[in-house]
Amino acid sequence: MPEVDLLQAVNMALTKAMETDDRVIVLGEDVGVDGGVFRATNGLIERFGAERVRDTPLSEAGITGLSVGLAAQDFRPVLEIQFMGFIYPAIDQIINHASRLRNRTRGRLTCPMVLRAPFGGGIHAPEHHSESTEAMFAHIPGLRVVIPSSPKRAYGLLLAAIENPDPVVFLEPKRIYHVQKENVEDDGKALPLDRCFVLREGSDITLITWGAMIVETLAGADQLAEDGVSAEVIDVATLTPLDTDTIFSSVEKTGRCVIVHEAARTGGFGGEIAARLAEDGLLSLLAPVKRVTGYDTVIPMPRLEHHYMPSLDRILTAAREVLEYS
Amino acid sequence: MAKAASKRAVKTKQPTFTKEQELKAYYNMLMIRRFEEKAGQLYGMGQIGGFCHLYIGQEAVVTGVQMAMQDGDQMITSYRDHGHMLACDMDPKGVMAELTGRSGGYSKGKGGSMHMFSREKNFYGGHGIVGAQVPIGAGLAFANKYQENGAVSVTFFGEGAANQGQVYESFNMAALWKLPVIFVIENNGYAMGTAVKRSAAKSEELYNRGSVYGIPGMQADGMDVRAVKEAAANAFDHCRSGKGPFIIEMMTYRYRGHSMSDPAKYRSKEEVKKMRQEHDPIEQAKARILEEKIATEADLKATDAAIRKIVSEAAEFAQTNPEPDPSELWTDIYLEAGE
Numbered sequence: 124m125p126e127v128d129l130l131q132a133v134n135m136a137l138t139k140a141m142e143t144d145d146r147v148i149v150l151g152e153d154v155g156v157d158g159g160v161f162r163a164t165n166g167l168i169e170r171f172g173a174e175r176v177r178d179t180p181l182s183e184a185g186i187t188g189l190s191v192g193l194a195a196q197d198f199r200p201v202l203e204i205q206f207m208g209f210i211y212p213a214i215d216q217i218i219n220h221a222s223r224l225r226n227r228t229r230g231r232l233t234c235p236m237v238l239r240a241p242f243g244g245g246i247h248a249p250e251h252h253s254e255s256t257e258a259m260f261a262h263i264p265g266l267r268v269v270i271p272s273s274p275k276r277a278y279g280l281l282l283a284a285i286e287n288p289d290p291v292v293f294l295e296p297k298r299i300y301h302v303q304k305e306n307v308e309d310d311g312k313a314l315p316l317d318r319c320f321v322l323r324e325g326s327d328i329t330l331i332t333w334g335a336m337i338v339e340t341l342a343g344a345d346q347l348a349e350d351g352v353s354a355e356v357i358d359v360a361t362l363t364p365l366d367t368d369t370i371f372s373s374v375e376k377t378g379r380c381v382i383v384h385e386a387a388r389t390g391g392f393g394g395e396i397a398a399r400l401a402e403d404g405l406l407s408l409l410a411p412v413k414r415v416t417g418y419d420t421v422i423p424m425p426r427l428e429h430h431y432m433p434s435l436d437r438i439l440t441a442a443r444e445v446l447e448y449s
Numbered sequence: 018m019a020k021a022a023s024k025r026a027v028k029t030k031q032p033t034f035t036k037e038q039e040l041k042a043y044y045n046m047l048m049i050r051r052f053e054e055k056a057g058q059l060y061g062m063g064q065i066g067g068f069c070h071l072y073i074g075q076e077a078v079v080t081g082v083q084m085a086m087q088d089g090d091q092m093i094t095s096y097r098d099h100g101h102m103l104a105c106d107m108d109p110k111g112v113m114a115e116l117t118g119r120s121g122g123y124s125k126g127k128g129g130s131m132h133m134f135s136r137e138k139n140f141y142g143g144h145g146i147v148g149a150q151v152p153i154g155a156g157l158a159f160a161n162k163y164q165e166n167g168a169v170s171v172t173f174f175g176e177g178a179a180n181q182g183q184v185y186e187s188f189n190m191a192a193l194w195k196l197p198v199i200f201v202i203e204n205n206g207y208a209m210g211t212a213v214k215r216s217a218a219k220s221e222e223l224y225n226r227g228s229v230y231g232i233p234g235m236q237a238d239g240m241d242v243r244a245v246k247e248a249a250a251n252a253f254d255h256c257r258s259g260k261g262p263f264i265i266e267m268m269t270y271r272y273r274g275h276s277m278s279d280p281a282k283y284r285s286k287e288e289v290k291k292m293r294q295e296h297d298p299i300e301q302a303k304a305r306i307l308e309e310k311i312a313t314e315a316d317l318k319a320t321d322a323a324i325r326k327i328v329s330e331a332a333e334f335a336q337t338n339p340e341p342d343p344s345e346l347w348t349d350i351y352l353e354a355g356e
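Which chain is which? The protein sequence lines are A and B, in order.
If you use the working numbering, the first sequence corresponds to residues 124 to 449, in order.
If you use the working numbering, the second sequence corresponds to residues 18 to 356, in order.
A portion of the hints provided could be inaccurate.
Some, not all, of what chain B presents toward chain A, calculated at C-beta under 8 angstroms [to be verified]: (1) I146; (2) M209; (3) G210; (4) Y283; (5) L346.
In silico DSSO-like links for lysine-lysine, alpha-carbon gap of 30 angstroms or less [what the hints assert, rightly or not]: (6) K30/B - K219/B; (7) K303/B - K304/A; (8) K55/B - K303/B; (9) K139/A - K282/B; (10) K214/B - K286/B; (11) K310/B - K286/B.
Calculated directly from the structure, the hints in this document are not laboratory data.
Just so it is clear, CB atoms sit at the ideal spot from N, CA and C, and this is done for glycine as well.
Bound conformation, chain A alone (with noise of 0.2 angstroms):
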C-alpha cells in the first residue's frame, strides 16, 4: 500500500478512474505536458495519450462549457482550473449550464463533469491564487462542493465525485497537498459523498471544519484535551448537500460548537450551519454557536496572511468561550 500525500492521492484517483472507465477525460491548462500546475496530473499523459490528457488553450470560460457539452454526452470530463481566484470567468458556463442541465431538461441530460481547483490561502500566494470562495458554489443548487482534507479522503471522494452523475466541484487544499502522508490503497473504492467525517470523538464541544483547517482545528482538540475537555472534530468534507445529521448528533451529544473556516465571514458557510443549529438544534445547545474565520477583507499578500488565517489561538479562544458559557 503507498504511502502517499493528498496531492498524490489525487493523481492516484485520477489514473484509477481513468484506467476502469474509458469516458474519463482529463482537460485544463498545462494539464497534460507540464502535469499541472501542482503535478496533480503528472504522468497521466504519458500513460493515456494526449486524446485522453488534453492540454486546453488559456479560456476558462470555453473550456467549462466544453466540459458540459462532453459530459451532457456521456462522457466524464475531469477539468482542472489552476487556481480558485481563475474559475470566474467560468461561473456562466457553471451556473447557467452545469448546475441546471438535469432540471432544465427533466432530466433527459445530465452533466457528471468534475471541476477540481486547489483553493485556500497559505502558501505565499497572490489573492486570486489564495482565495476560499466555496460559500458561492455552495449556494448553487445542482451542484456539490466537496472539499478532502487528507490523502485517502481525497482519492476515495474524488472516485466518488467522478462516479457521481452529477457536476461536482471539488476543491483541494493546496496548503496541506504536502503536509501529511498516509497509507492509501489503490482499490479503487469511493468514499460516500454527503456525508460528513467525525476524525475525533468527543463529547464537550464539537469542532466543524473542512480543507486545510483541519489541521489547525485537530491541533486545537489536542491542545484542549491536555485541559481534560473532550472536544469532537467534524469534517464537513461535502458541503453541499449537507449532511446534517452527523452535525445534529455530534451537537445534541456536546451541546456546544465551533465552527472553524478559513473564508470571509460574511455569507460563509459557517454560517449556513449554524442557521441549521439554530433552526433544528437550539435545544440541544448549551451556548451560542460561535465561527472562527477568515476577516472580511480581500486576504492578503504574504506578510500580512499569517494575521489573516484562523489561527489555533483562535480557535482555542473560541472554544473555551463556548465552554466557559453557563
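With chain A held as given, fit chain B onto it using these hints.
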C-alpha cells in the same frame, strides 16, 4: 477583408535609430534586465512572496512601444509587468518593495508583483487573470474617446491570453466604436507550458485575429527594439487619426520560466540558448552601438554600473523598508468616513 489588410512586417530593411534613441533604448532595456535578474535573486532568497513573472528576453517590446508613446497615453498589461512599470518611469524602489511586500511598495505591500498602478505615470496595472485586462484597456480607450483627449490606450497581453473569450468581446467593441486602443500581443511562444502551436488555431498569424472585426494587424520582430518602435509608431498614427484599434503581434521570447516555479518540460535548453545567443535584444543594441561608434565599450560598462547601482539601491530599500502594519488588513476595502 481588403480594407483591413493585415500584413507581416517586411524584414529586409530594419528602421534606424538616432544615436540618442539607440542609447535610450539600450539603457531602458538593460534597466529592465538588471532589475529582473535582481528580482529573481531576491525570490530565490525567499524575500518575494506572491509569485513573480520575469520579463527577461522580452525587454525590447515594452521599451520600443514606450518610445513611440506620447504623454497621456495609457498602458495596461498582465502579470508579467515589471518591465512595463520601469518603462513607464515608475520608481524601481517602489516596484521592488512591492515585490517584497513592504509598506513602501507601490501598493503598500498589499498588491505584490502583479498588482501595481500609477495614475501619474498612466500605468493601469498589472493584472493577474489571463486576458482580463483586455476589456479594461478598451475601457480606458473608450474614456479617451469620450474625453476627446487624443490619448491612446496600449493594452498588452500574451499569446496565451489571445485565446480568452473576452479578448474578442473587446475587439468587437473597440472596432464597433473605433476606440483608440493598440492591442499588443506579446507572443513569447508559450502559454505557461503550452506551445502556441499546441494551443492556438492559425498560430502563425495571431496578428490577424482582429480581421473579422476589421481591425488591421501586423507582426513585428519583438526582439529588435527598432522594429518594435516602428510598428508601434505606425499603430499610434492609425489610432490618433480616428481609425479605431490596431493589433501588433510582437514575436518575442522569455528566457526564464513562466513563473518562478516552472518544470521546463515544454522546451529544450538548446532552444533557449539559441535565442539568447542569436536574438537577444540588448546584445543586438550593444553591437549596433559599438559598430556605429555611438559609444565605447567603456561607456556601456559605465552605463551598466550605473544601472546596477540603481537596482542595488532598490533591492536594499525593498529588504529594509518596514512590512505593512497588521492594521492594513482592514484598509482600502471600502471608503472610510472622512477619507
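- Item | Ascending list of hint numbers which this structure does not respect | 7 and 11
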